[in-house]
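Undergrad: Got chain A; can you put chain B on it based on the hints?
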Amino acid sequence: MAETKNKKHFFDEIRTVHRLIWAFFVLCALLVGLDLVFHRHLSFEEGVLPAEGWFGFYAIYGFVACVLLVLAATQMRKVLMRGEDYYE
Amino acid sequence: MSSLHPAFFLLFGGLLLPLLPLQARRVALVLLPLIGLYNLIGYDVGASQTYAFAGYELHIVRADKLSLLFGYLFHIAAFLAGLYALHLKDRLQHMTGFMYAGAAVGAVFAGDLLTLFIFWELLAITSVFQIWARGGTKAINTGTRYLLIHISSGLLLLVGTALHYQQTGSLALNHLGIDTWATRLIFLGVGVKCAFPLLHTWLVDSYPEATPTGTVFLSAFTTKTAVYVLARCFAGTEYLIYIGGAMAMFPIFYAVIENDLRKVLGYSMINQIGFMVVGVGLGPGMGVNGAVAHAFNDVIFKGLLFMSMGAVLYRTGKINGSDLGGLYKSMPWTCGFCIVGASSISAFPLFSGFISKSMIMQAAANEGHLAIWLMLLFASAGVFHHAGIKIPFFAFFSHDSGIRCEEAPRNMLWAMGIGATLCIAIGSFPQYLYGLLPYPVDYEPYTTTHVVLQLQLLFFSALAFVILKLTNLYPPELRSLNIDVDWSHRKLLPSAARLFMQIATPLRDGFINGGKRLAFALVEQVRQHHGPTGIFARTWLTSSSVLVVIIFLALYLLLYFQ
Chain A
2 MAETKNKKHF
12 FDEIRTVHRL
22 IWAFFVLCAL
32 LVGLDLVFHR
42 HLSFEEGVLP
52 AEGWFGFYAI
62 YGFVACVLLV
72 LAATQMRKVL
82 MRGEDYYE
Chain B
2 MSSLHPAFFL
12 LFGGLLLPLL
22 PLQARRVALV
32 LLPLIGLYNL
42 IGYDVGASQT
52 YAFAGYELHI
62 VRADKLSLLF
72 GYLFHIAAFL
82 AGLYALHLKD
92 RLQHMTGFMY
102 AGAAVGAVFA
112 GDLLTLFIFW
122 ELLAITSVFQ
132 IWARGGTKAI
142 NTGTRYLLIH
152 ISSGLLLLVG
162 TALHYQQTGS
172 LALNHLGIDT
182 WATRLIFLGV
192 GVKCAFPLLH
202 TWLVDSYPEA
212 TPTGTVFLSA
222 FTTKTAVYVL
232 ARCFAGTEYL
242 IYIGGAMAMF
252 PIFYAVIEND
262 LRKVLGYSMI
272 NQIGFMVVGV
282 GLGPGMGVNG
292 AVAHAFNDVI
302 FKGLLFMSMG
312 AVLYRTGKIN
322 GSDLGGLYKS
332 MPWTCGFCIV
342 GASSISAFPL
352 FSGFISKSMI
362 MQAAANEGHL
372 AIWLMLLFAS
382 AGVFHHAGIK
392 IPFFAFFSHD
402 SGIRCEEAPR
412 NMLWAMGIGA
422 TLCIAIGSFP
432 QYLYGLLPYP
442 VDYEPYTTTH
452 VVLQLQLLFF
462 SALAFVILKL
472 TNLYPPELRS
482 LNIDVDWSHR
492 KLLPSAARLF
502 MQIATPLRDG
512 FINGGKRLAF
522 ALVEQVRQHH
532 GPTGIFARTW
542 LTSSSVLVVI
552 IFLALYLLLY
562 FQ
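Protein chains in written order, with this note's numbering: chain A, 2 to 89; chain B, 2 to 563.
Chain B extracted, bound-state conformation:
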């Protein structure tokens, strides 16, 4: 069994899904990730496979603790997302969703940069269908923007890879650092997919536009593959600590005032990836362990939150905080699962975020990064505020919107239920996840200090919410849109281009028309003198010529004899 490539079942199984009739396809959706996971469990640490291609020996499988952990994770995510999308009849979303998961698995097992590049681009191409499947001009445009940015990320990776190969003669995907321009380009390419600050807008632009099930797929794979590559190639790069700090901080401000609840989750996703990026920047050991553990948990709890909001969107057709409220009456199960996801992302004791986020914070404290630690603590309070409270509160409680709908479909409830169970199981029994981490773990999350202090932080963050709400200082949910840095390419650049055209068009027309007039005038002049009736075109009489000669001779005589 274990001779098959880890991505085989998801990638090729996904490709064959559209050929199956609906019922068989539904069975396959559940079974493929499980068979894939079984195949993967057969892999031992150290397993390796190569494949000769176009004169290169591609290292298509490199199994170590890091790649195996992400491999297990992506199979779990594919299982949950597949189960969640089971009610769909759309062949395209099923097929591309699983191929997308397969591409992510392929990327984390890649042992060289070229193999990584192939799966990197496959990630982009297969994932965009989750956005396009929503239909309509808006989704088409958003998907196209998404694809452009992700293809560009792949191109940066490719150029960096080519330069790196030229300089070192090696394609190996190991620690690279950012000492050369080649590796800096690779770093930037990964940064795009990882949603580094200023490069992040594709995420909050596209995730809210995808289909209810599509966002669940999207949230699991792309950014986590990027975190994996960071951990693999750039662990210990100090810049990452500051980049991650910025990522953890700025999105929470946006999340507080954002109305679209799936966009709120998009911002909170950048915030969580910020924690992981800090962890990777802190380097091998507790930092990378924390980052990887948090990536594992985030896929599950963020997936759970996106599932619950997807269920709300699916049942009510609405996703804005201003339109929702009181849904706990109609969708009690979804509400409960959402609260489990919210507790996990907020790092409540016994929930999964608690056992991984704290590793990153402790690693930052151990290294003496005071400012970063204070920022992460601020972000921890902030994430509880906007993701932990805001999401469940405005969707399921708040004022009663009067919406009465059915509970989510059964397959969605099962997917959310399993996700919620995993969140609590991992949070309550962290030793199993710790055992899978790439470095030995010397950390105990459940100390009295940690539990009490975390509860104080969270309860008083909630207290702030309650008091701000009771005093009406909390900003109301408004039908609105907040501009982000994508304003530069969606508004500023088009406006600048229009302005340029406004100024340049008359100039160009003037130049062309003036030139035309000049040319016509010249032609007219020439025609006048040389044309059929022109003076130079006339036939002259011999007598006239003789007359002219005589005049010249007379002048000559006069001048000569004086």
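Just chain A, with the same shape it has in the complex:
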């Protein structure tokens, strides 16, 4: 057991983690860059949601949604959070 505990694993090396995070940033940039290249089909009929066709709409929506989600949920903790044995 002691041997396995001391064994270096993939994510133990902090440089690996940093490299992966950078690769992820590059992928994000490439993905949003694709918006410049290809023509997309809108989900809605013309005129209902023009923003859908804007550059990076889905990327920005996803990012903002998650930031708002986390910040709102953190605030919710102030009202909702109790001790683990609250009901006992």
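If you are wondering where the hints come from, they were derived from the structure by calculation, not from laboratory data.
Hints may contain errors.
In silico SDA-like links for lysine to any residue, alpha-carbon gap of 20 Å or less [claimed, not checked]: (1) B/K319 <-> B/W334; (2) B/K470 <-> A/W23; (3) B/K66 <-> B/N175; (4) A/K9 <-> B/E408; (5) A/K8 <-> B/P333.
Below, a sample of chain A positions facing chain B; criterion: calculated Cβ distance under 7 Å [to be verified]: (6) F39; (7) Y59; (8) A60.
C-beta: ideal position from N, C-alpha, C; glycine also.
TA: Using the frame of chain A, we list chain B on its own:
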């Protein structure tokens, strides 16, 4: 073969399981769902069976594309859950687990409301043992709450059915709508099982309390049977679109701050059912198709996620995000399967969620429901955030908790492996699932637009997680509990009752004691005057009487002569 009822093998096979010795029981656990599935494949669309009971002609089998799809699904789920629970020695969990699956199969093949009611209650009674089997006061109390709520759901269904029969003379389980009080009661009964907002707490209360294998059973059948009944009886009901929107939205906030990872999955389950409810509300065609396809996928990927968390709980005895981390070192296979489940629920291209969730979103867009569509898009990003990233991250990566355990038992790995394979197979070859859907499918998920936009949405949701984590804005996992609306009946009502008792008890005592004192005083008065020594009880002398009479006569004379 096909003359046997579709639920026969699971229901009666399950009932006989405890009689078998362990090794034979394990063989039966694997074979029963497969034989059941084989029996079901023998059914053609349009097959029907009736059974005369107490003066009613019960329509016990109605096979059409909708019921057959759920029938196949429940057999697959029973197979995976049975395989996952193969290492158990507990006869009770094996027996009730399979009977529970059988009850779900019976419910989706029911052609009338009375048959549905019977299987509906059987679902409640057989499933609660998956919670009680955990043992301890907490599990017993949780199971009892669960049972009370589900029996109530059945009662709503029964009252609605009786009223509906009185009004229409029909018990047929077809489109009902919500135009009468009778059908509204049925709608509400189904809503309880479907975990509608405010009626949802039983789900997040009970699923984390069940045994590691029990939650896998629970997650597959109850809510999906309810989705089936919604699709059967209430497709196109506009309220469902808004109810589903709310269901897709609010649980993701809870999921972000919840520490118990199986409870996180419970919240994300309500979120996924929200998508299905929206689909059903959008009506026959692409809406119901999307809802049913998503139910099919959800049973498998949510089952896979619950299996992976169950394996973690089984091996480490812990399930809180704050206690776990770094488990990819000890449980690499479980970790891999969990990531497949997480990718499926997040709707990554080539994984199963991608081909069904998008149908519902497209159906909402086609109908011009802009607000709902934006909510679903928010929920899609959110589900990736809490189920797709949070679950695998805090269990298997994050900071190393120092826990070193064995990999999950082999039967669990097989069940997860088959589940993961199905997730990828369905996501990569959607045409087979599309072919089983109740309405013809005119939808192509793999367009460049859809793939790129979905990837943008997901990658930037992940980017938000990475940035929030790096800047320490992400809320840490804390040993805690977040109150939900069940606070009203678990805390508020008991407190109100205690307060009432505090005020009412002295009042009641005062009333009773005051009344007693009054009665005693009265009795004492009466005793004084009429008692053995009382003035009215004395024997009087004749001479005294004569004296009194003389006094009165004298008074009379005086007054008269004046």
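Undergrad: Hints first: check each against the structure and report whether it holds.
TA: Structure-based check of each hint:
1. For the hint pairing B/K319 with B/W334, the CA-to-CA distance comes to about 18 Å; that is within 20 Å, so the pair holds.
2. For the given pair, B/K470 sits about 15 Å from A/W23 by alpha-carbon distance, which is consistent with the 20 Å threshold.
3. Proposed proximity of B/K66 and B/N175 is supported: the alpha carbons are some 14 Å apart, at most 20 Å.
4. Annotation: proposed proximity of A/K9 to B/E408 holds, straight-line Cα distance about 18 Å (limit 20 Å).
5. The straight-line distance between the Cα atoms of A/K8 and B/P333 is roughly 15 Å, inside the 20 Å bound, and the hint therefore holds.
6. Annotation: interface hint on A/F39 holds; nearest CB of chain B at approximately 6 Å, less than 7 Å.
7. Of the supplied interface hints, the one on A/Y59 holds, with its beta-carbon coming within about 4 Å of a beta-carbon of chain B, less than 7 Å.
8. The restraint placing A/A60 at the interface with chain B holds, with a minimum CB-CB distance near 4 Å, inside the 7 Å limit.
Checked against the numbered hints given earlier, the structure satisfies every one of them.
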